[in-house]
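Undergrad: Residues per chain are reported as follows:
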Amino acid sequence: MNGEREGSGWWKITDVRVIDPYRQRAWQGDVLVGQGRFQDLAASADAPESVSGRGLWLVPRLLDMHVHLRSPGQEWKEDLASGSAAAAHGGFAAVMTMPNTDPVVDVPSLVSWQIAEGRRIGLVDVLPAGAVTKASGGQELAELWKMEKAGAVGFSDDGRPVADGGLMRAALSYSATLAGPIVQHAEDVTLSGRGVMHEGEVSGRLGLAGVPGEAEAVMVWRDVQLAALTDGRLHVAHVSTPGALEAIQWAKAHGLRVTAEVTPHHLFFTDERVAELAFSPVTKVNPPLRPESYRQVLLQAMKSGLIDAIASDHAPHHADEKDLPYKDAPFGISSLETAVAAVLTVGLDELAMDPLTLLVRMTAAPHRILGLSYQGLVPGESADFALIDPDARLPVDPGKWYSQARETPWQGVALRGQVVATMLRGRWAMREGEVLTCGLR
Amino acid sequence: MRDLIALGDLSRAQLEDLLDLAAAMKEIIRRPVKKVPTLRGKAVANVFFEASTRTRNSFELAGKYLGADVINFQARGSSVEKGETLWDTVRTMRAMRVDAVIVRHQAEGVPGEMAARLDIPVINAGDGAHQHPTQGLLDLLTIRDRLGHIAGLTVTIVGDVLHSRVARSDIEGLLQLGAKVRLVGPPALIPGRWDSPHVRIYTDLAEALAGAQVVQVLRIQRERQASGGIPSLREYHDRWGITPAGLGLADAEVLVLHPGPQNRGVEIDSAVVDDPKRSAIQDQVENGVAVRMAVLYRLVGGKEAME
Ligand SMILES: [Zn+2]
Numbered sequence: 411m412n413g414e415r416e417g418s419g420w421w422k423i424t425d426v427r428v429i430d431p432y433r434q435r436a437w438q439g440d441v442l443v444g445q446g447r448f449q450d451l452a453a454s455a456d457a458p459e460s461v462s463g464r465g466l467w468l469v470p471r472l473l474d475m476h477v478h479l480r481s482p483g484q485e486w487k488e489d490l491a492s493g494s495a496a497a498a499h500g501g502f503a504a505v506m507t508m509p510n511t512d513p514v515v516d517v518p519s520l521v522s523w524q525i526a527e528g529r530r531i532g533l534v535d536v537l538p539a540g541a542v543t544k545a546s547g548g549q550e551l552a553e554l555w556k557m558e559k560a561g562a563v564g565f566s567d568d569g570r571p572v573a574d575g576g577l578m579r580a581a582l583s584y585s586a587t588l589a590g591p592i593v594q595h596a597e598d599v600t601l602s603g604r605g606v607m608h609e610g611e612v613s614g615r616l617g618l619a620g621v622p623g624e625a626e627a628v629m630v631w632r633d634v635q636l637a638a639l640t641d642g643r644l645h646v647a648h649v650s651t652p653g654a655l656e657a658i659q660w661a662k663a664h665g666l667r668v669t670a671e672v673t674p675h676h677l678f679f680t681d682e683r684v685a686e687l688a689f690s691p692v693t694k695v696n697p698p699l700r701p702e703s704y705r706q707v708l709l710q711a712m713k714s715g716l717i718d719a720i721a722s723d724h725a726p727h728h729a730d731e732k733d734l735p736y737k738d739a740p741f742g743i744s745s746l747e748t749a750v751a752a753v754l755t756v757g758l759d760e761l762a763m764d765p766l767t768l769l770v771r772m773t774a775a776p777h778r779i780l781g782l783s784y785q786g787l788v789p790g791e792s793a794d795f796a797l798i799d800p801d802a803r804l805p806v807d808p809g810k811w812y813s814q815a816r817e818t819p820w821q822g823v824a825l826r827g828q829v830v831a832t833m834l835r836g837r838w839a840m841r842e843g844e845v846l847t848c849g850l851r
Numbered sequence: 003m004r005d006l007i008a009l010g011d012l013s014r015a016q017l018e019d020l021l022d023l024a025a026a027m028k029e030i031i032r033r034p035v036k037k038v039p040t041l042r043g044k045a046v047a048n049v050f051f052e053a054s055t056r057t058r059n060s061f062e063l064a065g066k067y068l069g070a071d072v073i074n075f076q077a078r079g080s081s082v083e084k085g086e087t088l089w090d091t092v093r094t095m096r097a098m099r100v101d102a103v104i105v106r107h108q109a110e111g112v113p114g115e116m117a118a119r120l121d122i123p124v125i126n127a128g129d130g131a132h133q134h135p136t137q138g139l140l141d142l143l144t145i146r147d148r149l150g151h152i153a154g155l156t157v158t159i160v161g162d163v164l165h166s167r168v169a170r171s172d173i174e175g176l177l178q179l180g181a182k183v184r185l186v187g188p189p190a191l192i193p194g195r196w197d198s199p200h201v202r203i204y205t206d207l208a209e210a211l212a213g214a215q216v217v218q219v220l221r222i223q224r225e226r227q228a229s230g231g232i233p234s235l236r237e238y239h240d241r242w243g244i245t246p247a248g249l250g251l252a253d254a255e256v257l258v259l260h261p262g263p264q265n266r267g268v269e270i271d272s273a274v275v276d277d278p279k280r281s282a283i284q285d286q287v288e289n290g291v292a293v294r295m296a297v298l299y300r301l302v303g304g305k306e307a308m309e
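Chains as they are written, first to last, in our numbering: chain A, 411 to 851; chain B, 3 to 309.
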């Protein structure tokens, strides 16, 4: 991709468990890295520096396809440097950034700027999503093709769903001519209204205004019908309801080009967490945390592959903004640095999934959805990977994070799995919990 | 128990203790010289972010009858400053070294959050649609005074339960003391379900009133018409308004409560409000002062803990 930032050193990760979801292979052995790429073990010319991988997993190129890094324009919440550091700390080699910044990323120059800034920082590949409509205003299509030429990998009005059916039809039909999908935050805002949590038994008990699951489901049903009409590329962001999953299943059964992602927090928590944490806004996310019956359906859909990908929906806010009464606080939590451990905890402990299948959802699947190619751990491919201790069990401590935002419903919760190092193009972006920020501001 | 945030936080024994204490306080209220010096030298802050003369006056009177100094804070601010104003107020309370804070706020959860940030007692005087525990207590006291007991009673709560903090406190208190609760109102204004075998949900008023011994009538807000909950106030009255004829379906000795102020001719008819045999609405006002005295006495005054 960009040669100037490739690492020049040679590294040998010894006795490591390779989990390569790209090729669906797992093995124990050594991995050689040189000149920014994976190298054939026999090919070592220079003497590599040895790093013990004993007890660790090596997972190639984790991609989080739904993050908000808030730049340009909202740098008090997060910026590309802190967001990149959080991603590297979380184990990710690449992130797709949502365009609901200020200004909205709706022109090629802003896409180019984000990519260049991400490269200058050099910790993670910043892959911008461009807006579907100009200023995400829901009125006119943005220049999707021009943004794609500039490097955008998907298109979304995230946070402000494309409400107008005619416009969504236009976007989906146009997407049939592009590589990236239309990523829809599916929500009928006339149904969600002033709701701040899932509408159900818990909202009834707490007296908080509720959002019915149907606010999501009706929008996904509309969108899959439009995907059928247009043969467009639809990706459903942060799916959270059985009704939406039925629509996605229908779409897939009809051979439509429809994919979906789920967040770790919807897999992990239920709306009871809102009551447990006594109105703390760290449980306020959109879509809201759902009841256990929904969570069970999401878990099975993630396991079966009906849900293709897992994405964090990292949505950082300034502590002062989040420190408001529940109904006034903004939606969103800081979740790049809990994503891997939360997914391993749910996937390995609760669902007893095979790690190759589980980690596809954070590697090969998001690449496929975004039309990106990556071969996995083969000689010559870019040396992008995370080293993970799969047996560490540590309570979540936001004090050690790199994101500017520390708001999390996982505070103090013990999770399985710890990312101990992240490499991007043969350079360490993070080792032993420390992001290597040399050259950063 | 340091704070009073939700009635569901109290054990049965704690509830009964407060009701017994409130009954004793009523004796004091009825004396010609009402002051008792229990809270002399104590400062209690009334912090109301949402206007409510009735509840504020009731707390103020309760504090003064017990000899406390009651300070009223006019806390308000634009919605943008809401949070800052709120937590700044908490800091002010701490700095002023008041002995207890009574707080009313339009956002659910604020009194609980204030309690977490302060090491003095915090009393919830109503937070959004969440809880209004002293109203719940005064309803319990009113029922117990008039009917002699609460366990085993069937209590029907009529109206906009979804947006009612009074209903939530009533339900928790009634269940804790062994009553059965029926909720009835337009489908958009009642919760879809309630996790208790002792709560049943109705839409038909006649069914919900049949044999009920207590009817709690909730105030209907005109805004519910605009938001689609009800087509019109007169249609609401015809289907869910409490009338003398409708009460004929309830127990012969049925007691009618209303947290006030009433919209006469909408959710309740004047003939019901003014019927001294059935209406306990006048008792509720007096009982309000008594339960607030009991709460202040337990949380701020008497060192003998309730546990
Ligand atoms: Zn979204």
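No lab work stands behind these hints: they were computed from the structure.
Remember, it's a predicted structure, so these values are computed and weren't measured experimentally.
Ideal placement from N, C-alpha and C gives every residue a C-beta, glycine not left out.
Keep in mind that a hint or two might mislead.
Covered, in the sense of this in silico footprint (three residues per stretch, anywhere, with C-beta under 8 Å from a C-beta of chain A), are these stretches of chain B [stated by the list, open to error]:
hint: 1; stretch: 107–120
hint: 2; stretch: 131–137
hint: 3; stretch: 258–267
With the Cβ distance kept under 8 Å, some of the chain B side facing chain A (calculated, not the full set) [as the list claims (entries may be wrong)]:
hint: 4; residue: PHE75
hint: 5; residue: ARG167
hint: 6; residue: ARG170
hint: 7; residue: PRO193
To give an idea of the chain A side of the interface with chain B (calculated C-beta under 7 Å), a few residues [to be verified]:
hint: 8; residue: GLY547
hint: 9; residue: GLY548
hint: 10; residue: ALA688
hint: 11; residue: PRO735
Undergrad: Which hint numbers doesn't this structure obey?
TA: 3, 4, 8 and 9
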